[in-house]
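Participant: Order-wise, the sequence lines are chains W, D, H and S.
The opening residue of the first sequence carries number 10 in the numbering used here; numbering runs sequentially from there.
The opening residue of the second sequence carries number 1011 in the numbering used here; numbering runs sequentially from there.
The opening residue of the third sequence carries number -10 in the numbering used here; numbering runs sequentially from there.
The opening residue of the fourth sequence carries number 32 in the numbering used here; numbering runs sequentially from there.
Simulated from the structure, these hints should not be mistaken for lab results.
It is possible that some hints are incorrect.
What the hints assert, rightly or not - Stretches of chain H that chain D covers, calculated by requiring three or more beta carbons in the stretch to come under 8 angstroms of a beta carbon on chain D:
hint : region
1    : 276 to 290
2    : 382 to 395
3    : 463 to 473
4    : 562 to 569
Said to hold, decoys possible - Beyond 10 angstroms from chain W on every Cβ pair, some chain H residues (computed):
hint : residue
5    : Leu3
6    : Ala34
7    : Asn345
8    : Glu444
9    : Ser629
10   : Thr630
11   : Ile633
12   : His634
13   : Thr645
14   : Ala652
15   : Arg653
To be verified - With a straight-line Cα cutoff of 20 angstroms, these simulated SDA-like cross-link-like pairs (lysine to any residue) come out:
hint : chain 1 : residue 1 : chain 2 : residue 2
16   : D       : Lys1300   : D       : Ala1190
17   : H       : Lys79     : S       : Val498
18   : D       : Lys1066   : H       : Gly534
19   : D       : Lys1062   : H       : Lys79
The beta carbon of each residue, even a glycine, is placed where N, CA and C say it ideally should be.
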Amino acid sequence: MTVELATRLIDVLGALLLFTMLVILASGQLFRAIYAVALQAVFLGIAGAVLAAATGNPDLWVIAGITIVVKAFVLPWLLIRVVRTVQISREIEPAIPMTLTLIAASGIVVLAFHLNASLGPVRQTITGNALPVGVTLILIGVLVMASRRKALVQMVGLFASENGIFFTAMAISQGMPLIIEIGVILDVVLGALVMGILVLRVRSSVDTDIADLESLKG
Amino acid sequence: MERTQHIVRIATETGLLVLLGPLVTGYVQKLKARLQCRRGASLLQPYRDLAKLLRKGTVRSDTATPFFRAVPALVLAATVTAATMLPVLWAPSGPALLPVGDSILLLGLLALARFLLAIGALDAGGAFGGMVASREMTVGLLVEPALMLAVFSVAVAAGTTDLGELAARRDSLAALSWQAPDLLALFGMLILALAETGRIPVDNPDTHLELTMLHEGMLLEHSGPGLACIALATHVKQLVTLTLVATLFFPPGLARGLAPPEIALALGAFAAKVLLLATFLAVVESSYAKLRFFRVPQFLGLGLVSAFLALALRVL
Amino acid sequence: MDGQPPLTRIVVWLGHLLVLAGALGGAAFALSVLAGGAAAPPHLALPRLFPFAEMSLSVDGLSAFFLVVVALVTAAAAIYGPSYLGAHAKAPVLQTFALAAFVACMALVCCAGDAMTFLLAWEGMTLASWVLVVSDPREENARAGLLYLVMAHAGTAALLVVFLTLADHAQAFDFAALRSAARGLDGRTRTALFMLALAGFGAKAGVVPLHVWLPKAHPAAPSHVSALMSGVMLKIALYGIFRFGFDLLAPASGPLPASWGWTVLLLGSASAVIGVLLALQQHDLKRLLAYHSVENVGIILIGAGLAMVLGGGRGPQPLATLALAAALLHTLNHAAFKGLLFLGAGSVLARTGIRNMEELGGLARRMPWTAWLFLLGAIAISALPPLNGFVSEWMTFQALLLGGVRLGGASGLLAGVAASMLALTGGLAAACFAKAFGVTFLGRPRSSHAEHARESPAPMIAGMALLALACIALGLAPGFAMPLFDRPTAELLGGLGASAVVTARGPLVLTAGGPVNGLEATAISMTVAAALFALLAAAAWVVSGWPREAPRRLAPTWTCGMTPTARFDYTATAFAKPLRLIFAAVYRPRRQIERETGPSPYVLRRLAYTGEVVDLAETMIYARVKHWVNATAQEIREYSTGRIHGYIGFVLVTLTVALLVFARP
Amino acid sequence: MTSNLLWLAPLVPFAAGLAMLLVRDRRALAALDVGSSLAVLALAAAIARRVAVSGPVSALGVFRADDLAVLFLLLVGLLAVAVAIATVGWMRQELARGQMRKDRLRWYFALVHGFIATMVVTVLADNLGILWIAMEGTTITSALLVGFHGDKHGLEAAWKYIIVTTIGISFGLFGTVLVYGAAVAAHGEVFAGAMNWSSIAAIAHKLDPGIIRIGFIFVVVGYGTKAGLAPVHMWLPDAHSQAPTPVSALLSGALIKCALLGIIRFHTIARGACGPEFSGGLLLLFGIMSVVVATPFIIVQHDIKRLLGYHSVEHVGIVALGLGFGGRLGTYGALLHVINHGVTKALVFLVAGDAIGRYGTRDMRVIKGYLGVAPFAGTLLLMGAFSLAGTPPFSIFVSELIILRAGLAAGRYASVAIFLLMVVVIFAGLILHVGQMAFGTAEATVDRQREARSPLLGMLLLSSVMVLLGLSIPASLDRLLARATEIVLG
C-alpha cells in the first residue's frame, strides 16, 4: 500500500463522507438520517483500515474496528430504540428554512477548503484532504443541530460532527495514541446514553420534544 | 496719643450719625409734606416720638421667647457698629491704627440687623410677622449682593475695601476720577438705597395696612423702649446708607487735620451731601406709587444688573 | 440611652468614648505636626500586605490640617452620639462600630502616604458610612444608600484610573514616586488626569452636577453621623482635590494650568448658588442642611480655584496664599457650624421624631438650649458678622477682588461673576436659615409632638456647645487661628505661610510683607467690632430696660383682633413662596390646589395645597440616564429567546467568524 | 520527578463516589462526602508542598502537576470542602421541604464526587487527550446533576447544557488534534508523550503558526463555550439557575475555572508558536464581549440564580481580559481573579440557595427583608455582593486593580474604559437587586427557622478566605502565582 494510493483512497473516502453529510442535511425522514450516520461510520472505519495498511501502525486497525462496531451499529441501534419507545412522528421539521441551511452548508465547504489553501508547508503531514473534509463535517454537523427541531436529529448531527473529528484525527500522521481514541469513543457513547435518558425522561413527564422547551430565557 | 485721637475721631463721627439720623427722617417727611402741599410735622418730630416711646409701657406677645426682648438692643447695636466704619468728617491718612471694619463688615452688620428683625417678627408668631419676615428677607437677598457689587466696583479701582482709605484715595488718585462704571454704580446704589431705607417704590414707611408694609411690619409687635431702639436704628441705618453713597461717589470735602475751619468745611460738605440725597428720596417717594410686591424683584434686578455691569466695566 | 438593655448601653458608651479619645489624640498629633513648621512630615511604613504595593502613612501639613477638621467634629459627635442613639437606635452596637470604622477610615485617608492605602481607606469610608445610612432599614433609606454607593463607586472608578496611570508610570504606589512620575507627564495628560480626579472627588464632595445623592443619603443616617458625613466626609473629598491639584499633579515649577483653576472656581460658584437655591425650598430640616453642604463645598472650591489660578506666579503670591487660607478656613468653619446644625436638627428629631418643619414650631420655649445653639449655627452659616462664617467669606471676597478681578480681561470678569455668586449665596443662606430657625423654633407648636417636646439630655447639649464654642472662637479671634494654616499653605503654594499674609495680632488684620498693590490698606478687626457691638447692645439694653414703673403687659399677638391659633403661623412653604416666583426658571415649581366648597362656591369647606420643586440636575440628567439604561437593557434581553437552536447557532456563527477573521496570518 | 500522590488525588473522590452508591443513610453519606472532600484538599495541599519544594511532578506519563495546576487544584479542593460542609445542613432542609427524594440521595452524592474526580483529572492532566476526556466526563456528570430535580425546567437546562457544551468540547478535541498534528509534524515522527502538554510547550516555537492558529481558534471557541465566554455563554445562566445550589456553587466556582485552565494551556502553546499578539488579542476580544454582553442581563434580571450566572459570565470575561492584556501583571491578576471569583461566587450561591429555600421562589422582587429573616446569612450575602461588585475590603477589588493596571500598562485604554464603565453599571445593578433582597420587611409566610449551623460554617470558611485575600496576599500564594505566571508566559 503505497502513500499515493492511500492519499487517493482517503480523498475518495473524504468525498463519500461529504456526500453522506449532505444526505443527512437534506433528509426529511429520521430513519434515513440515522442510516446515513451509520454509513458515515462505515466509511470512517474503511479510512482507518486504509491508513493502517499505509502506515503499518497496528493501533489504527484496532481503532478502525472499534469505530465500525460502535459508531456504525451500537449508536444507531440506541437511536432507533429511543425513536421506537418515544413513538414520535418520523418527519424532520426544519427550524430554519431549508434553502438557508443549504446556502450556509455551501458557505462552510468554501470556508473549509479556503482555510486549507492558506495553510503552509505543514499540509503534507495530513494525508489527502482530511483537514478540510474534517472541518466541513464538523461545521455542517453543528449546522444540522442548529437547524432541526427534533432532539434526536440534534444527536445525529452531533455524531456526524464527531465523525469528522475522527476522520481528521486518523489522517493526521497515523492517528492519536490508542488509549486516547478509546477514551474518546467511550465518552461519546456515555454522552449519547445521557442524552437518550434525558429525552426519554422529558417524553414521559411532559410529552413534548425536549428541544422545544424554551421557558428559560432573559 | 495717636490711638486716642483716632478713637475720639470715630466716637464723634458715630455720635454725629446717631444724633442726626432722626433729623434726616424729619427733613424727608417735611419735604414730602411740602411737595404734597401740606405743612407736615416739624423737623424734630422723630425726636419727640423717640422720647415718648422711651417713657411708654411695653406690651409683649404671649408666644414670644425671652430673645424677643433682646432683639431691639441687638439691632440698634449692629446698626451703630456699622456706622463707626464710615468716614464722615475725616479721611484717615495712613493705615488705621485701631481698625474696626471695612465695607463688607458694614454690609454684613446691616444684614445681621435685618436677620435679627426678621427672627423677632417670626418669634411673635401670627400671620403678619411671618409674611413680613419672608418679604424682608427676599428683598434683603436681592439688595445685599447688589450693594456689595456696587461697593466692589469702586473698591477694585481703589485697591482696598476699607471705606476710610477708599474715600481718601478717591479724591487723590486721578485714576478714580469719574468714569462710566461710577455712573452705573451710582445709579444702581440709588435704586438700592430706596429699598434699603424702605422707601416708596419698594415699601411704604407711612402705611398702617399690615398687608402692604414691609419694614414697619417687623415693628408690629415691639412696643415702648424696644420700639424706640428699633426706630432709632432705622433712622441711623437710613443715614448710614446715604453716607455710604456719599463716601463712594462724592469724595471731596473730607478734612485731614483738626483745624476748626477744616472741620467746619467738612461738616458743611457732609450736610450738603446728605440733604441732596434726602431730597432725592423725598422726591422719588412723592412721585412714584408703591410697586406690587411681586414686581419689586424686577425693580431690584435693575439695581443688581447695573451694579454688576459697573464691576464688569471696571474690569474689562 | 434609656431605652436600651444595660450591656448595650455600656458597649455604646465605651465605643463612643474610644472614638472621643481617638479624636483628641488625633487632634493633638495633628496640631504638633502643624506647629512643626518645616520639619519633615512624620512617615510610618505599614506592613507589606500586597506584594505589588508598599503601603505607608505620611502626615504633611495638608493631612494634619484635615485631621484637625476630622477630630473637631468627631469629638462633638462622640459626646453627642450615645444619648442620641439611646432614644432613636435600631442597632446601636452596629452603629457604634460602624462609626468607629468610619472615623478611622477618614483619618486614614488623610494620612495615606500611598495610593493603595488611600483607595482602601477611601472605599472603607464609603462602606462604613453606607452601613450607617442603611442601619435603619426603611425602604427609602435603602434606596438612598444605593444611590450613594453607586455614585461613590463611579467616583472611585475614576480615581482608580488616575492612580493606576500614575502608578504605572512611577512603577510604585507611594505619593513621592507618583509626584515625580506626574512631573514627567506632558501637560495634556496631566490636565486629563486632573479633570478625572476632580470628577472622582467631586462625586464624593457633592459638586453640583454630581450632588444628587447627598440630600438623599445624609438625612438617612443618624444625626451625629450626618454631621460627620456633611461636616467631614465632604472635606475628605476636598482634601483629595487639594492633594491632586496642588501637590501630586502640579508641575515642578511655575503656575498650574489655567484651565484647572477656572474649572474649579466655576464649579464652585455653580455649586454655591444652586445648592442654596435648592436648600431654600426644602421643608425637611436635615435635607435642607444637606443641600447647604453643597453650597458650602462650592464656597470652599471658589477659594481653592482662585488659589490655583493665582498660585505659582500668575497672580500676586500673597493673594494666592490668602485664597488658599480662605478655602482652608472655610473648611474648618463649615465643619464646625454644619456639625452644630446637624446635631441641633438631631436633637429636635430625637425629641419630637419629626423632621418636617411644617409640623414643628414653638420649640424655642420648650428646648431653649437646642434653639439658641441652632440660632448661633444659623448666624454662622449665613456668613453674618460676629461669627466664623463671615470671616472666611470676607477673606474669599478679598482674594477674589484684589487678586482675581484685578487680573483684568476675561479672567477678571470670571472672578467678578464668582464674587457676585458668592454675594448672592450669602443673602440666600440668610433667608433660608431665617425660615429654618423661625418656622421650626418660633411661633406656636403645630403638632402634639412639638407641643410636648422636652430639652435634650446634657451630653447632646455638650456636643453642640463644643462646636458652638469653636464657631465663636474662630469668629471673634480668627487671627489666632491663622498659624494653623501656615504649613499647608507654605507646602502647597510655597513661600509665605498664611499668618504672614494675615497678621495674627489678635484682630484679623490683612497686611502683607510690604505693600502689594495697596494690599495693606484693608484691615478689619473682628475682635474690636464684636466688643463694640457687645458694648452698644448692653448700653441699649440698659437704656430700654431702665427701672421704671411703666406697666408691662402680656397680650396675644396682633392678628386683626382674632384670637391667634397655631394655624395662623406662617408656614415654610409660604415663607419660601416669593423665591419660588423669582427663581421659577431654576425650580420649575409645580403646585396643585384642591378646593372643596360647600353649597355655594364661596363657602370653602376644605383646601388642599401640594407644591413641588424639582432639582434640575436630578430630573434632567439622572432620571434620563436611569431610564435609558433600563430601556436598552430590556431591549437586549428580548434577544435571548431561550431556544436551543439559537444557542447552537451562536456557537456555529462565532466559530465561523473567528475562523474567517483570525485564521489568516 | 514522579509521585503517586497525583493519581491518588482523582482516585479518592472516584472511590468515594462508588462507595456512596452502596450507602442509603443520609448522615453516613454526608460524613463520607465531607471526609472525601477533606481528603482531596489534603492531597492537594501535599501536592502543592511537593511542587513548591521540587518543581513540577508527574505520574503515569499522563498526569503532571506544575504550579498552574496546583493553583486550580487547591481551588477545586477548597470549594469541594466548603460545599460538602454546606451540603450537610442544606440537604436536611431540602429533604424537610420535600425538594429532594430520600431514595435518590446516594445517586446525588455519587454524581457530585464523580464530578469532583473528573475536575481533578482535568486539572492534573498533562496529556491533552486525557484533559479532553476528563472535560467530557465533567459535562456528563454535571449534566445529570443539573437535571437532578427532574422537573421540566431542570431537564430543559440539562439538555441545553449537555448539547451546547458537547459541541463546544468537540471543537476543543478538533483543536487538540490539530495541535497534536502540528507537534508531530514539527518533530518529524510520533515521539513518546507527543500529546503531553509539557513536551508540546517545550517545542512550541518550532510549531507551524498556520495550523496552531486554526487549532487555537477551535480551542478558544470550544473550551470558551464550556467556560461561558460570550457570545457562546447562553447555556450558563439556564444550567446554573436550575442546578441544586451546591452543584451551582461547584459549577460556577470550579468547573468554569477548569475550562479556563484548558484555554490557558493552549494559550501558552499559541504564544510560543505565533507570538503573544494573536492569542492575547483573541482572548481580549472575548473578554470584552463577555463583560459587555453580561451587563444588560444583570440589570434587568429578576431570578437571583440567573443573575449570578450572568455575573459568572462577566467575571470569566474579566479573567480573559487579564490574560488578553498579557504581561506579568495581567496574567498574575487573571490567575488571582480565578481564585477570588471562585471563592466569592460559591459563597453567594450558597447564601442565595438558603434564601430561595426560605422564600420558596427565585424572584428577587418577592424576596424582601432577608437581613431580618436570617441576619448572619444576610450579612454574608451583602459582603459577597459587595465583593462581587469589586469594592475594596474584599478580594475581587485587588485582582481587578491589578488587571486594570496591566490594561493601562499595555496601553489598551479603550478596553479599560469599557471595562470600567461596565463594572460600574454592573455594580449598580447587583447592589440594587441585593439591596432589595436584604432590606425591607419580609412577609409572614417566609420560613423563619433558625439558620442551620453547617451551611453557615461552609459560608464562613469561604467568606474568611475572601476577606483574607481582600486585605492582603499571603507570601506563599504570591510565590505560587508568580511561578504559575512564569509557566503561562512560557
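Participant: Determine for every hint whether it applies to the structure shown.
Facilitator: Against the structure, the hints:
Counting residues of the region 276 to 290 of chain H whose CB falls under 8 angstroms from any CB of chain D gives 0; the rule of at least 3 is not met. Counting residues of the region 382 to 395 of chain H whose beta-carbon sits less than 8 angstroms from any beta-carbon of chain D gives 7, enough to reach three: the coverage restraint holds. With 0 residues bearing a CB less than 8 angstroms from a CB of chain D, the region 463 to 473 of chain H misses the requirement of three and the coverage assertion fails. Coverage of the region 562 to 569 of chain H by chain D holds. Counting CB-CB distances below 8 angstroms, 6 residues qualify, and the rule asks for three or more.
No beta-carbon of chain W is positioned within 10 angstroms of the beta-carbon of leucine 3 of chain H; the least distance is around 51 angstroms. No beta-carbon of chain W comes within 10 angstroms of the beta-carbon of alanine 34 of chain H; the shortest separation is about 52 angstroms. Under the 10 angstroms C-beta cut-off, the non-interface status given to asparagine 345 of chain H relative to chain W holds; the minimum distance is some 42 angstroms. In this structure glutamate 444 of chain H is separated from chain W by more than 10 angstroms, as the shortest Cβ-Cβ distance comes to about 58 angstroms.
The beta carbon of serine 629 of chain H is not kept farther than 10 angstroms from every beta carbon of chain W, the shortest such distance being approximately 5 angstroms. Distance check on threonine 630 of chain H: its Cβ comes as close as 6 angstroms (rounded) to a Cβ of chain W, failing to clear the 10 angstroms threshold; non-interface status is violated. Remark: the non-interface label on isoleucine 633 of chain H conflicts with the geometry, its nearest Cβ contact in chain W lying 6 angstroms away (cut-off 10 angstroms). Residue placement check: histidine 634 of chain H does not keep its beta carbon more than 10 angstroms from all beta carbons of chain W (closest about 5 angstroms).
Interface exclusion of threonine 645 of chain H from chain W breaks down, the closest Cβ pair being 6 angstroms apart, not more than 10 angstroms. With a minimum CB-CB distance of about 6 angstroms to chain W, alanine 652 of chain H fails to clear the 10 angstroms threshold, and the non-interface call is violated. Not every CB of chain W is more than 10 angstroms from the CB of arginine 653 of chain H (nearest about 6 angstroms), against its label as outside the interface. At most 20 angstroms may separate the alpha-carbon atoms for a hinted pair to count; lysine 1300 of chain D and alanine 1190 of chain D exceed this at roughly 30 angstroms.
Annotation: proposed proximity of lysine 79 of chain H to valine 498 of chain S is violated, straight-line Cα distance about 27 angstroms (limit 20 angstroms). With a C-alpha separation of about 11 angstroms, the suggested pair lysine 1066 of chain D and glycine 534 of chain H falls inside the 20 angstroms cut-off, and the hint holds. Restraint check: the Cα-Cα separation between lysine 1062 of chain D and lysine 79 of chain H comes to about 60 angstroms, which exceeds 20 angstroms; the hinted pair is violated.
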